[in-house]
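Visitor: Top to bottom, those sequences are chains L and F. If you use this note's numbering, the first sequence corresponds to residues 4 to 132, in order. If you use this note's numbering, the second sequence corresponds to residues 464 to 836, in order.
FYI, nobody ran anything at the bench for these hints, they're computed from the structure. Remember, it's a predicted structure, so these values are computed and weren't measured experimentally. Worth double-checking, as some hints may not be accurate.
[To be verified] Result set (BS3-like, lysine-lysine): computed pairs, CA atoms no more than 25 angstroms apart in a straight line:
no. : chain 1 : residue 1 : chain 2 : residue 2
1   : L       : 48        : F       : 826
2   : F       : 684       : L       : 95
3   : L       : 114       : L       : 81
4   : L       : 57        : L       : 124
5   : F       : 826       : F       : 684
6   : L       : 95        : F       : 481
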Amino acid sequence: MLVPDNLLFTKDHEWAKIEKDTATIGITDFAQHSLGDITFIDLPKPKAVLSQSKICATVESVKAASDVYSPLSGEVLKINGELANSPELVNKSPYEAGWFAVIKIADLKEKDALMDTAKYKEYVETLSK
Amino acid sequence: MEDYANLKKTPLIENHNKLGARLAPFGGWLMPIQYSGIIDEHNWVRSSAGLFDICHMGEFEVEADLSKSNLEYLLTFNLNNMPCGSCRYGFMLNNDGGIIDDLVVYRISTARWMLVVNAATAQGDEEYLRQNINNDTGLKNISSETGKIDLQGPLSKKIIEKTFGINLDLEYYTFGYFKILGKNILISRTGYTGELGYELYLPAEEVETFWEEILGDERVKPAGLGARDTLRLEMGYSLYGQDIDNTTTPLEAGLSYFIDWDKEFNGKEALLKQKQEGLKRRIICFAADSRRAPRHNYRINYKGKEIGAVTSGSFSPSLGIGIGMGYVNEDIALGEGIMFRENSIVIKANITKRPFYKNGTVKYKEIKNACSG
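Please build the complete structure, drawing on both the sequences and the hints.
Guide: In structure tokens, the structure reads:
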């Protein structure tokens, strides 16, 4: 299972990459693997205001529709338009080409509720036992 | 990990593990859902050939001389005019016309038959049959000693012929016995995918050998129940326990083609009554206007009113849109728009007809023709 450095993670398998006052968000390799082939992604609209741990997107795979929870609060600055026609990018490249959105971080203190790479790796290991 | 200890396992369980299959419970069995991925396996079956482990299904061997046995009365289709070496699809109904099971019957010789039934219903089917067959009918449950693997796809014929050095000249919905690897193997030209395909009935201890032999051809990929589900749904085939069950009749399910009205059968009276009074609900097929798929139990809305629920729904890998079926309590014309609402999810779709996917190597007409007599 791929877990890159310098990202923060939620227990629901979303990631956030913080750069100054913005964060890029997406779902982890573990999440895309459990979902299987991703067929559709309902992304938040630009300018929507997301709240930490609240539903921000829905991911559909062949078998099911699953909610995605925002790792941080903030306004959506940009969404990944490529995913509309190529949702499989999330399967192929969950941390790079398969990013969901960039948000303007509302409260940087919220990052304390997230796991770092080492902690998330440990967490994923407990799940696969 | 979930506890799978109580689930039945097919003779291929270790082969699935070695292939890295994702396993899940289905009908009381631990079955492979996917290997390389549902869409990849689906596309492979449509373009080449996929091999399925279908050992979970039930098989009964029946001795029935139709002049004495009442087997004919327990099934909705005509047995009497079936040629030996042919098979037919149809139903076993309860007194209310509800579907106890959908099954395929093989006529092995004049008075010998094989019934192939669903895994989850096999035990109930056996009980029902034992209670309802007369003394002139013999029934033996051969499920545990019978293995079944299906090779489905446009290249399936060539692959089996090359692998085993046989000629596989079978018409649709017929079968034959073939001498392969020293064994006498029943192979039928049948399937659940809409592609040219074959089902092999094997002694359980031979399943692994045949599985490995066929997989040895690089044109074959193993395919799981996930792809089996998307393949059958693209054809509009019903799945027992989901689209049909003992509370739905073949009329409501849009499957009256598999009923022979010229004969007597259990449940006929209820069906005739339903026909006369008109259907209170009926199945519809729908195609979504996007990649978004309506799912099992999503509510169906028409002109602002809730009129039913989805029984099967999925993304269609061949068509690139959401497709599905469900029951509604209104008569809606083809092409009409409906809508699904589930929390924040809103999907628009149009009523269409079976099959969703029209480019399969098996044509819909062939299925109907093969099963009526």
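Visitor: Each of the hints needs a verdict: does it hold here or not?
Guide: Structure-based check of all given hints:
no., hint, verdict
1, L:48 <-> F:826, "violated (43 angstroms)"
2, F:684 <-> L:95, "holds (21 angstroms)"
3, L:114 <-> L:81, "holds (20 angstroms)"
4, L:57 <-> L:124, "holds (23 angstroms)"
5, F:826 <-> F:684, "holds (23 angstroms)"
6, L:95 <-> F:481, "holds (23 angstroms)"
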